[in-house]
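Engineer: Here is what each chain is made of, one letter per residue.
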Amino acid sequence: AQSVTQLDSQVPVFEEAPVELRCNYSSSVSVYLFWYVQYPNQGLQLLLKYLSGSTLVKGINGFEAEFNKSQTSFHLRKPSVHISDTAEYFCAVSVRGLIQGAQKLVFGQGTRLTINP
Amino acid sequence: ETGVTQTPRHLVMGMTNKKSLKCEQHLGHNAMYWYKQSAKKPLELMFVYSLEERVENNSVPSRFSPECPNSSHLFLHLHTLQPEDSALYLCASSQAVQSGAYEQYFGPGTRLTVT
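Chains as they are written, first to last, in my numbering: chain B, 1 to 117; chain D, 1001 to 1115.
Please keep in mind that the hints were generated in silico from the structure rather than gathered at the bench. Check each hint, because a few of them may be wrong.
Unchecked claim - Keeping only pairs whose Cα atoms sit at most 20 Å apart, straight-line, the calculated SDA-like set for lysine to any residue is: (1) K1036(D) x R22(B); (2) K1036(D) x S27(B); (3) K104(B) x N1030(D); (4) K104(B) x K1018(D); (5) K1041(D) x Q45(B); (6) K49(B) x N1057(D); (7) K1041(D) x P79(B); (8) K1040(D) x R22(B); (9) K69(B) x E1067(D); (10) K1022(D) x K58(B); (11) K1036(D) x T5(B); (12) K1022(D) x E1067(D); (13) K58(B) x K1040(D); (14) K69(B) x S27(B); (15) K1041(D) x K58(B); (16) K1041(D) x S1059(D); (17) K69(B) x M1046(D); (18) K1040(D) x K69(B); (19) K104(B) x N1057(D); (20) K1036(D) x A17(B); (21) K1040(D) x S27(B); (22) K1041(D) x S28(B); (23) K1036(D) x K69(B); (24) K49(B) x V13(B); (25) K1022(D) x Q42(B); (26) K104(B) x P1042(D); (27) K104(B) x E1052(D); (28) K1040(D) x S9(B); (29) K1041(D) x K69(B); (30) K1040(D) x K49(B); (31) K1036(D) x P79(B); (32) K1036(D) x P40(B); (33) K58(B) x K69(B); (34) K1018(D) x L1051(D); (35) K104(B) x T1113(D); (36) K1036(D) x E88(B).
The structure presented is a predicted model; accordingly, all values stated were derived computationally and were not measured.
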């Protein structure tokens, strides 16, 4: 079975500082990896995804993540954060070829990113 | 309307009531999902429909009953709920592709409070 661990439940950062949100996963098979963001009173929005190819993935709003197969990690980074980045961030893993073409996502517990002025 | 919509956005119901949550996707997808998001817990996958057929039921109590009449609509029928069922219920959709390589698009959720 797959599992996802987000190592920090809360991360406070000052505006314009860099940030890294950590994500580790466990799986015995090849996976796809995703980062989603949830702003207050909204659903989840895709930030970026790793399917194959280059291990450095760039997403929306200046975020990027690096897939590290040997460390089974997929950490999310941004070099300079803004107040508007305050939100909950979720890492998720999907196993290939499941359930008749639909996708079974397993989510981490989430990391609340708070940007302070 | 664009993307994934959910109605109502907020719902308060007693334990003896019957209510339904509605989800509609305008993206041409053919897989739809129900998730439960409780405080301090990871998102829990409840049900999955692919090509209008239920393909996953994640050990959800029978007081939750899903319905998918077509590829654009998904319902969650609720009856005799418990206070611990209070949560944000999220609907999502995606393409149904065997590789599973497509992202899911989420609606804004229905905030359910059971009194």
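Engineer: All hints, please: hold or fail.
Structural biologist: Structure-based check of each hint:
1. Between the alpha carbons of K1036(D) and R22(B) the distance comes to roughly 23 Å, so the proposed pair goes past 20 Å and is violated.
2. Among the hinted pairs, K1036(D) with S27(B) is inconsistent with the structure: their alpha-carbon atoms are about 23 Å apart, more than 20 Å.
3. Between the alpha carbons of K104(B) and N1030(D) the distance comes to roughly 14 Å, so the proposed pair stays at or under 20 Å and holds.
4. Of the supplied pair hints, the one linking K104(B) and K1018(D) is violated, its CA atoms being roughly 29 Å apart against a limit of 20 Å.
5. Distance check on the hinted pair: K1041(D) and Q45(B) sit about 18 Å apart at the alpha-carbon level, within 20 Å; holds.
6. Proximity of K49(B) to N1057(D) is assessed by CA-CA distance (about 26 Å); at most 20 Å being required, the pair is judged violated.
7. About 29 Å separates the Cα atoms of K1041(D) and P79(B), which puts this hinted pair outside 20 Å; it is violated.
8. Taken as a hint, the K1040(D) and R22(B) pair is honoured in the structure, with Cα atoms around 18 Å apart against an allowance of 20 Å.
9. Note on K69(B) and E1067(D): the hinted pairing is violated, with a Cα-Cα distance of about 39 Å set against a maximum of 20 Å.
10. Distance check on the hinted pair: K1022(D) and K58(B) sit about 34 Å apart at the alpha-carbon level, beyond 20 Å; violated.
11. The suggested pairing of K1036(D) with T5(B) holds, with an alpha-carbon distance near 18 Å, which does not exceed 20 Å.
12. Only pairs whose Cα atoms come within 20 Å are accepted, and K1022(D) paired with E1067(D) is accepted, the gap being roughly 10 Å.
13. Between K58(B) and K1040(D), the direct Cα distance comes to roughly 28 Å. Violation of the 20 Å bound is thereby established for this hinted pair.
14. Proximity of K69(B) to S27(B) is assessed by CA-CA distance (about 11 Å); at most 20 Å being required, the pair is judged to hold.
15. Distance hint between K1041(D) and K58(B) is unfulfilled; the C-alpha atoms sit about 28 Å from each other, more than 20 Å.
16. In summary, the hint linking K1041(D) to S1059(D) is supported, as the alpha carbons are separated by about 17 Å, within the 20 Å threshold.
17. With a C-alpha separation of about 29 Å, the suggested pair K69(B) and M1046(D) falls outside the 20 Å cut-off, and the hint is violated.
18. Between K1040(D) and K69(B) the CA atoms are separated by roughly 28 Å; this puts the pair beyond 20 Å, and the hint is violated.
19. About 11 Å separates the Cα atoms of K104(B) and N1057(D), which keeps this hinted pair within 20 Å; it holds.
20. With a C-alpha separation of about 33 Å, the suggested pair K1036(D) and A17(B) falls outside the 20 Å cut-off, and the hint is violated.
21. The hinted pair formed by K1040(D) and S27(B) fails the criterion: a straight-line CA distance of about 23 Å is larger than 20 Å.
22. Only pairs whose Cα atoms come within 20 Å are accepted, and K1041(D) paired with S28(B) is rejected, the gap being roughly 24 Å.
23. Our distance criterion of 20 Å between C-alpha atoms is broken by K1036(D) and K69(B), whose separation comes to about 30 Å.
24. Proposed proximity of K49(B) and V13(B) is contradicted: the alpha carbons are some 24 Å apart, above 20 Å.
25. Using a Cα cut-off of 20 Å, the hinted pair K1022(D) and Q42(B) holds, with the two alpha carbons roughly 16 Å apart.
26. The suggested pairing of K104(B) with P1042(D) holds, with an alpha-carbon distance near 14 Å, which does not exceed 20 Å.
27. Using a Cα cut-off of 20 Å, the hinted pair K104(B) and E1052(D) holds, with the two alpha carbons roughly 16 Å apart.
28. A threshold of 20 Å between alpha carbons decides the hint, and for K1040(D) with S9(B) the separation of about 9 Å falls inside it, so the pair holds.
29. Under the criterion of a C-alpha separation no larger than 20 Å, the hint pairing K1041(D) with K69(B) is inconsistent with the structure, at around 26 Å.
30. A distance of roughly 24 Å separates the Cα atoms of K1040(D) and K49(B); the hinted pair therefore is violated under the 20 Å criterion.
31. This hinted pair does not check out: K1036(D) and P79(B) have alpha carbons roughly 33 Å apart, beyond 20 Å.
32. As the CA atoms of K1036(D) and P40(B) are separated by approximately 16 Å, the hinted pair is consistent with the 20 Å bound.
33. Under the criterion of a C-alpha separation no larger than 20 Å, the hint pairing K58(B) with K69(B) is consistent with the structure, at around 17 Å.
34. Between K1018(D) and L1051(D) the CA atoms are separated by roughly 27 Å; this puts the pair beyond 20 Å, and the hint is violated.
35. Distance hint between K104(B) and T1113(D) is unfulfilled; the C-alpha atoms sit about 27 Å from each other, more than 20 Å.
36. For the hint pairing K1036(D) with E88(B), the CA-to-CA distance comes to about 16 Å; that is within 20 Å, so the pair holds.
This entry does not satisfy hints 1, 2, 4, 6, 7, 9, 10, 13, 15, 17, 18, 20, 21, 22, 23, 24, 29, 30, 31, 34 and 35, going by the numbered hints stated previously.
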